[in-house]
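There are 2 protein chains.
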Amino acid sequence: MSAMKGKAVVAQSGGPTAVINASAAGVIETALRNDSVFTGVYGAYNGILGVLTEELFDLGREDPAEISRLKRSPSSALGSCRYKLKDLAASRADYERILEVFRAHDIRYFFYAGGNDSMDTADKLAQLAAEIDYELVVMGVPKTIDNDLGFTDHCPGYGSVARYTAVAAMEAGRDTESLWTHDTTTVQEVMGRNAGWIAASAALARRTEEDAPHLILLPEVPFVVEKFAADVSDCLARYNRCFIVAGEGVKDEAGNYIAEAGGTFGQDAFGHKQLGGAGEAIRAIVEEKVKVKCRTQKPGTAQRAAMHVASATDVAEAYMVGAAAVTAAMAGTTGMMVSLVRSDDGEPYRCTTGLVELAKVANAEKPIPPEFINPAGNGMTEAFMDYVRPLVQGQAELEIAPDGLPVYARLAKHMVEKKTGREYAV
Amino acid sequence: MSAMKGKAVVAQSGGPTAVINASAAGVIETALRNDSVFTGVYGAYNGILGVLTEELFDLGREDPAEISRLKRSPSSALGSCRYKLKDLAASRADYERILEVFRAHDIRYFFYAGGNDSMDTADKLAQLAAEIDYELVVMGVPKTIDNDLGFTDHCPGYGSVARYTAVAAMEAGRDTESLWTHDTTTVQEVMGRNAGWIAASAALARRTEEDAPHLILLPEVPFVVEKFAADVSDCLARYNRCFIVAGEGVKDEAGNYIAEAGGTFGQDAFGHKQLGGAGEAIRAIVEEKVKVKCRTQKPGTAQRAAMHVASATDVAEAYMVGAAAVTAAMAGTTGMMVSLVRSDDGEPYRCTTGLVELAKVANAEKPIPPEFINPAGNGMTEAFMDYVRPLVQGQAELEIAPDGLPVYARLAKHMVEKKTGREYAV
Numbered sequence: 028m029s030a031m032k033g034k035a036v037v038a039q040s041g042g043p044t045a046v047i048n049a050s051a052a053g054v055i056e057t058a059l060r061n062d063s064v065f066t067g068v069y070g071a072y073n074g075i076l077g078v079l080t081e082e083l084f085d086l087g088r089e090d091p092a093e094i095s096r097l098k099r100s101p102s103s104a105l106g107s108c109r110y111k112l113k114d115l116a117a118s119r120a121d122y123e124r125i126l127e128v129f130r131a132h133d134i135r136y137f138f139y140a141g142g143n144d145s146m147d148t149a150d151k152l153a154q155l156a157a158e159i160d161y162e163l164v165v166m167g168v169p170k171t172i173d174n175d176l177g178f179t180d181h182c183p184g185y186g187s188v189a190r191y192t193a194v195a196a197m198e199a200g201r202d203t204e205s206l207w208t209h210d211t212t213t214v215q216e217v218m219g220r221n222a223g224w225i226a227a228s229a230a231l232a233r234r235t236e237e238d239a240p241h242l243i244l245l246p247e248v249p250f251v252v253e254k255f256a257a258d259v260s261d262c263l264a265r266y267n268r269c270f271i272v273a274g275e276g277v278k279d280e281a282g283n284y285i286a287e288a289g290g291t292f293g294q295d296a297f298g299h300k301q302l303g304g305a306g307e308a309i310r311a312i313v314e315e316k317v318k319v320k321c322r323t324q325k326p327g328t329a330q331r332a333a334m335h336v337a338s339a340t341d342v343a344e345a346y347m348v349g350a351a352a353v354t355a356a357m358a359g360t361t362g363m364m365v366s367l368v369r370s371d372d373g374e375p376y377r378c379t380t381g382l383v384e385l386a387k388v389a390n391a392e393k394p395i396p397p398e399f400i401n402p403a404g405n406g407m408t409e410a411f412m413d414y415v416r417p418l419v420q421g422q423a424e425l426e427i428a429p430d431g432l433p434v435y436a437r438l439a440k441h442m443v444e445k446k447t448g449r450e451y452a453v
Numbered sequence: 028m029s030a031m032k033g034k035a036v037v038a039q040s041g042g043p044t045a046v047i048n049a050s051a052a053g054v055i056e057t058a059l060r061n062d063s064v065f066t067g068v069y070g071a072y073n074g075i076l077g078v079l080t081e082e083l084f085d086l087g088r089e090d091p092a093e094i095s096r097l098k099r100s101p102s103s104a105l106g107s108c109r110y111k112l113k114d115l116a117a118s119r120a121d122y123e124r125i126l127e128v129f130r131a132h133d134i135r136y137f138f139y140a141g142g143n144d145s146m147d148t149a150d151k152l153a154q155l156a157a158e159i160d161y162e163l164v165v166m167g168v169p170k171t172i173d174n175d176l177g178f179t180d181h182c183p184g185y186g187s188v189a190r191y192t193a194v195a196a197m198e199a200g201r202d203t204e205s206l207w208t209h210d211t212t213t214v215q216e217v218m219g220r221n222a223g224w225i226a227a228s229a230a231l232a233r234r235t236e237e238d239a240p241h242l243i244l245l246p247e248v249p250f251v252v253e254k255f256a257a258d259v260s261d262c263l264a265r266y267n268r269c270f271i272v273a274g275e276g277v278k279d280e281a282g283n284y285i286a287e288a289g290g291t292f293g294q295d296a297f298g299h300k301q302l303g304g305a306g307e308a309i310r311a312i313v314e315e316k317v318k319v320k321c322r323t324q325k326p327g328t329a330q331r332a333a334m335h336v337a338s339a340t341d342v343a344e345a346y347m348v349g350a351a352a353v354t355a356a357m358a359g360t361t362g363m364m365v366s367l368v369r370s371d372d373g374e375p376y377r378c379t380t381g382l383v384e385l386a387k388v389a390n391a392e393k394p395i396p397p398e399f400i401n402p403a404g405n406g407m408t409e410a411f412m413d414y415v416r417p418l419v420q421g422q423a424e425l426e427i428a429p430d431g432l433p434v435y436a437r438l439a440k441h442m443v444e445k446k447t448g449r450e451y452a453v
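Quick note, the sequences are listed as chains Y and A, same order. The first sequence lines up with residues 28 to 453 when you count with the numbering used here. The second sequence lines up with residues 28 to 453 when you count with the numbering used here.
Careful: at least some of the hints might be erroneous.
[To be verified] Keeping only pairs whose Cα atoms sit at most 25 Å apart, straight-line, the calculated DMTMM-like set for lysine to aspartate or glutamate is: (1) A:Lys440 <-> Y:Asp238; (2) Y:Lys111 <-> A:Glu314; (3) Y:Lys316 <-> Y:Glu253; (4) A:Lys111 <-> A:Glu392; (5) A:Lys440 <-> Y:Asp261; (6) Y:Lys111 <-> Y:Glu162; (7) A:Lys111 <-> Y:Glu314; (8) A:Lys440 <-> Y:Glu236; (9) Y:Lys254 <-> Y:Asp279; (10) A:Lys316 <-> A:Glu237; (11) A:Lys316 <-> A:Asp238; (12) A:Lys320 <-> A:Glu237; (13) Y:Lys440 <-> A:Asp261; (14) A:Lys440 <-> Y:Glu237; (15) Y:Lys440 <-> A:Glu237; (16) Y:Lys316 <-> A:Glu287; (17) A:Lys320 <-> Y:Glu82; (18) A:Lys254 <-> A:Asp279; (19) Y:Lys440 <-> A:Glu236; (20) A:Lys393 <-> A:Glu280; (21) Y:Lys316 <-> Y:Asp261; (22) A:Lys254 <-> A:Asp238; (23) Y:Lys440 <-> A:Asp238; (24) Y:Lys320 <-> A:Glu287.
[Said to hold, decoys possible] Derived, one-sided and incomplete: chain Y residues facing chain A with beta-carbon distance under 10 Å: (25) Asn73; (26) Thr203; (27) His209.
None of these hints come from the bench; they were simulated from the model. Glycine included, C-beta positions come from ideal geometry on N, C-alpha and C.
Start from the sequences and build out the full structure, keeping to the hints where you can.
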């Protein structure tokens, strides 16, 4: 049986990463090469929003060199969004609109790069398509710096943010080391609302006991003020300094984000609560309880976009999952996400792809398992180091312009003529 | 006349940079090579504090490979401090103690890497030595990411933080570009209390008009809320998004840091005022006045320690000023700082060293000149781009370990036996 003919749409969703464009390149280049199956390859502008509003662009009209450059370009070049579709009953109009747009353009393949929510959307869409007998192949492409998707060894995007985080902790840790007489304690706040994988990766920087980071605070370990203050004091006694890496989602024993504790932390003058204040909360605790100066830093979106220090391993795997999604789709697979499967036959590290039902991924979240966290709850185990170390290997290729800085892709986005004949309000 | 024989001390002061160790390597390697003049080369542990407390270590006993590795290692490997000596009258005991330590160890050469305050200390020390007829050569080695030293074209350390800042703005700017439907505005807060050179360097990222950063806020330009809000709205109308880079020292028209405005911005639950809250203040203003979501990020000390993206030009010049300080000292120069002199004979960029009196440098601060700031006061001119572009050229060499991450030097610090016979309380 030969593969169904039709157009393909690729879309990117949620927070960008350094390598989600590499996944897009894997999808796009593989699909464009197989033009006997794919009668067109479109991008959706700003993720699922672009499907709903019928803002599609023709990737076949892009300069192939620019598509290739996606492999070394951070962020989501197709555009992304945080528009969340609910279940089929609550968001049925949205799902029907997506299929209306697909039908109007003869789109038969949908490749969706994202996290849990995106896999849920893709799954529901596949269900509705089957229900109304619209032939559609839906494939999920894993993406998240948070590394919290289940049923995959790790997520494309994680290796690069891990490399960035470890290097930043190593370098800023040396800064604290040299200026401990003045800047005694430093907190580096990293992303990770529900899972501490990013904070954990900073452990890569700690080759010897005195290296930063001395303490790692994870959302998986309840934060206890007195215990934490004692840990800091212990570090100061041992090393004269203390460098802390904290996930933004660190919670107290009652499960409340410490960023929101005390009323003032994480809340601005206009009363907006915001996550991302964990570092400031920790600083205040250090200064009050331990009576030493504490600095904070928060790399923010720069951490997830840091192509300049991205992992070559991560880039290669991100491309691989994109290409594998297309290959699987051509073989008749649908309703699945491509997963990363680590070879367990010992050294050296090898990684291949597998497939997992979208529905399974949609409803699972993968926190750091207990065996990766040290007994004190403030650092990582050797088992974790064995897990994470292969993921940060190699410096991703960069293209440097004559001005000395990297060159990143920007797509021309030749928009496709709308065919549904109606606007759709989102 | 042959050069005076005696020991040399090298010390690092103030905030570390990516390349102050390269300057130290320039001093140390050049001095060790000239052992007919320098009967010993010592490091002062934690800057001038180490001289006061007689905590000196023998750099001649370090592994030469580790000294060489300083060229590709960030932060201050000798240790640094923020201990400030006042004028000769107010801090005379400190100055006399320094000379007491120097005399006890037959130290005749003092190489001090730092900014204005350090050059002031070095100058006062040279004065007192002359006054009491202690033969001493004092040479200043320029260092500051802030680039605010006068009488030098630029400062070692600046090119590297500029490269980091531009790359971070470019990458995070792409993040905002792809997720503008949700994260519409982003503020990257960078260092620079009195001068905006670091914020200015982000302009390197803006190759086309739509590239980040769209607005640059400098301490040199008074911040006016309504004008700023209008600028943000204008950006949103043009590009759908707005990426802002702000120096931590941005001030309002009355000269007050905006980080301290309104009582709440930049103040924590315990009432500590802190600089470094400019980004949060700007976020609150964007959310209140423009009514769009605004993210903040603050790379903190990671920006000044970012060897992994340091400028090769900066590293080479940092080494050059260190070596030149020793060469000048052997030629009988004292009381001077080595400066960087840009050839003005057109392209290509060439830079050599010069000499300037410590006293001149000590009392001058170099803000961004008006011709480098655009008429709207929210961006940089081509004249600035011509100035800054050569400084960020080339990626500094990195040594990567089998674990995939950089290797940075750590000195063994073989401490020298104390000889003054007394403790000194600092």
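Hints versus structure:
{"no.": "1", "hint": "A:Lys440 <-> Y:Asp238", "in the structure": "17 Å, holds"}
{"no.": "2", "hint": "Y:Lys111 <-> A:Glu314", "in the structure": "23 Å, holds"}
{"no.": "3", "hint": "Y:Lys316 <-> Y:Glu253", "in the structure": "8 Å, holds"}
{"no.": "4", "hint": "A:Lys111 <-> A:Glu392", "in the structure": "17 Å, holds"}
{"no.": "5", "hint": "A:Lys440 <-> Y:Asp261", "in the structure": "24 Å, holds"}
{"no.": "6", "hint": "Y:Lys111 <-> Y:Glu162", "in the structure": "24 Å, holds"}
{"no.": "7", "hint": "A:Lys111 <-> Y:Glu314", "in the structure": "23 Å, holds"}
{"no.": "8", "hint": "A:Lys440 <-> Y:Glu236", "in the structure": "18 Å, holds"}
{"no.": "9", "hint": "Y:Lys254 <-> Y:Asp279", "in the structure": "12 Å, holds"}
{"no.": "10", "hint": "A:Lys316 <-> A:Glu237", "in the structure": "23 Å, holds"}
{"no.": "11", "hint": "A:Lys316 <-> A:Asp238", "in the structure": "24 Å, holds"}
{"no.": "12", "hint": "A:Lys320 <-> A:Glu237", "in the structure": "19 Å, holds"}
{"no.": "13", "hint": "Y:Lys440 <-> A:Asp261", "in the structure": "24 Å, holds"}
{"no.": "14", "hint": "A:Lys440 <-> Y:Glu237", "in the structure": "15 Å, holds"}
{"no.": "15", "hint": "Y:Lys440 <-> A:Glu237", "in the structure": "15 Å, holds"}
{"no.": "16", "hint": "Y:Lys316 <-> A:Glu287", "in the structure": "24 Å, holds"}
{"no.": "17", "hint": "A:Lys320 <-> Y:Glu82", "in the structure": "24 Å, holds"}
{"no.": "18", "hint": "A:Lys254 <-> A:Asp279", "in the structure": "12 Å, holds"}
{"no.": "19", "hint": "Y:Lys440 <-> A:Glu236", "in the structure": "18 Å, holds"}
{"no.": "20", "hint": "A:Lys393 <-> A:Glu280", "in the structure": "20 Å, holds"}
{"no.": "21", "hint": "Y:Lys316 <-> Y:Asp261", "in the structure": "13 Å, holds"}
{"no.": "22", "hint": "A:Lys254 <-> A:Asp238", "in the structure": "21 Å, holds"}
{"no.": "23", "hint": "Y:Lys440 <-> A:Asp238", "in the structure": "17 Å, holds"}
{"no.": "24", "hint": "Y:Lys320 <-> A:Glu287", "in the structure": "19 Å, holds"}
{"no.": "25", "hint": "Asn73", "in the structure": "6 Å, holds"}
{"no.": "26", "hint": "Thr203", "in the structure": "7 Å, holds"}
{"no.": "27", "hint": "His209", "in the structure": "4 Å, holds"}
In summary, this structure violates none of the numbered hints.
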